[in-house]
Amino acid sequence: MLSVADIHVEYGRTPALMGPSLRVDAGEIVSIIGRNGVGKTTLLKAIIGLLRVTSGTIRLDGEDLSRLPAHERARRGLGYVPQGRMIFAGLSVEEHLLIGADLNRANGRALLEEVLEEFPRLRERYRQRGDTLSGGEQQMLALGRALVGGPKVLLLDEPSEGIQPSIVQEIEAKIASISRARGLAIVLVEQNIELAVALARRIYVMEKGRIAREIAPEHVMDEDIVRDYLAV
Amino acid sequence: MSLDTAVIMVLEILNSITILVLLALGLALIFGMMRIVNLAQGEFFTVGAFTVLASTRYAHLPLWLGMLLAPLVVAGLGIAIERAIIRRLYGRPLDVMLATWGVSLLLIGLITVTFGAVTQGIPFALGNFSVGRYQYPEYRIVMTTVAAGLMLSVYLLFRYTAFGRRARATIANPDMASAAGINTPRMFMLTFGLGAGLAGAAGAIMAPIVGVVPTMGVLYIARAFITVVVGGPIVLLGTLSSASALGLIEALISRFPLFTIATAGHCTPPPCEISIGGSAFFGQIALLIFAILLLRLLPQGISGFWRQRQ
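Chains as they are written, first to last, in our numbering: chain C, 213 to 444; chain R, 748 to 1057.
Since the hints were derived computationally from the structure, they do not count as laboratory data. Be aware that a few hints might be false.
[What the hints assert, rightly or not] In silico contact screen, one side only, chain C against chain R (beta carbon under 8 angstroms); selected entries:
1. F300
2. E307
3. A428
Glycine included, each C-beta is placed from N, C-alpha and C at the ideal position.
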């Protein structure tokens, strides 16, 4: 489905990504873990197109997206749920979801209804301004905004950040069921290792702008992994 | 004050507010939503007026058609300028100012070469209506109606359409908007075109009551900027409240002499004195002083003050 090969990104003249590669298949969830500042968020931004890659390819169903602007990548099936959620100030819940639904002329409205079934809280808050919602509700809104576009691949950056544990569980359950039900591929960047392990089939460990290891979830807490890649 | 005087006074205040709203609306949109200072906005106004002049005098079209044409012509011009110049300069506010200043000089030059540096009038057929002992121009009522209609249209456009939704999302967070599938360069282009078109509409509507001359934009741009800055960050309500406050002061001081100052020398007829207030000249001075005072008290403008209070 999505395959990223050897991409390079620079901030000014400082290299930020030095050739990470990954792939994710339909219905599969992969997690990216690693210490702060190793380039996890940068990697997602490069995939969606908010950062320019200087070399490498980003293929979705075989088509190289790496030279396209972000909105074209979104239209081809990448959904992005950023760190900090990035709710549009002043726009209502309804308007956020309609912006997502605009991406999918054929069945955006049907998907919108589906999202409101999945997240009843968004229906309760439908006319309310998105920036007045609680953290958990904003996370649901950010997820909903991406899902109503009917993406093939969802890029999720720290969905558990700053959210109370009960809501994290709720969101976790939704992510798993949505991926199963729709065959949606998900790339999950997560500091919360438990969440990453609970959801992912495979885990990529990042270190200094590269993918250092690919491991199975049950090996995340192995001594050498923790020591080399996770311990502060 | 008798009733007819009071009615005329209210109409004059309304007229001052109308002119400020017309001048400031397009600029407020471009400045408020795109955070760029467009120094060519005055020339968009001028091009609007000249579109009316050209279409009535040379193409012999009816006045109303020329006035409908003007915002379209200027919106097209704005879009061309955004694509050719401003697009390359986003995130560099000083460069945008310099470039649009250049555009402004270029447009003045081109219009002067084409139409000559003379002031031309546009005749129109509306007359006056009477209020008690006074006569008042009907056209001013048309202007106020059009200004209100433009404000309402802009509100409805941004509030209730897909374009408005996308534009507000783009302004709130351009990166997230593009990641959500919005073609953000296109939104900036259309917003700039809309702001230009509104200036063109203002120029067209005001063309029959002012002299149409290539440098006319320069006369109005300062008042437009003052209104926008005093209005603050909320585009429509800010502009409306600032135009109301400034227009009220301007109309009152234009109307009423405040006091007189004795001057030296021989006068015919005596006594030697200058009346302060009671003319359009002092109205504009009062507007400027009032704007400076307001900005000392409310540095974020009127709508910025509302936001702080929330």
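Evaluated hints:
1. Hint status for C/F300: holds, given a least beta-carbon distance of 4 angstroms to chain R, under 8 angstroms.
2. Taken as an interface hint, C/E307 checks out: its beta carbon lies about 5 angstroms from the nearest beta carbon of chain R, inside 8 angstroms.
3. At about 31 angstroms, the closest approach between the beta carbon of C/A428 and any beta carbon in chain R exceeds 8 angstroms, and the interface hint on this residue is violated.
Violated hint for the displayed structure: number 3, the only one.
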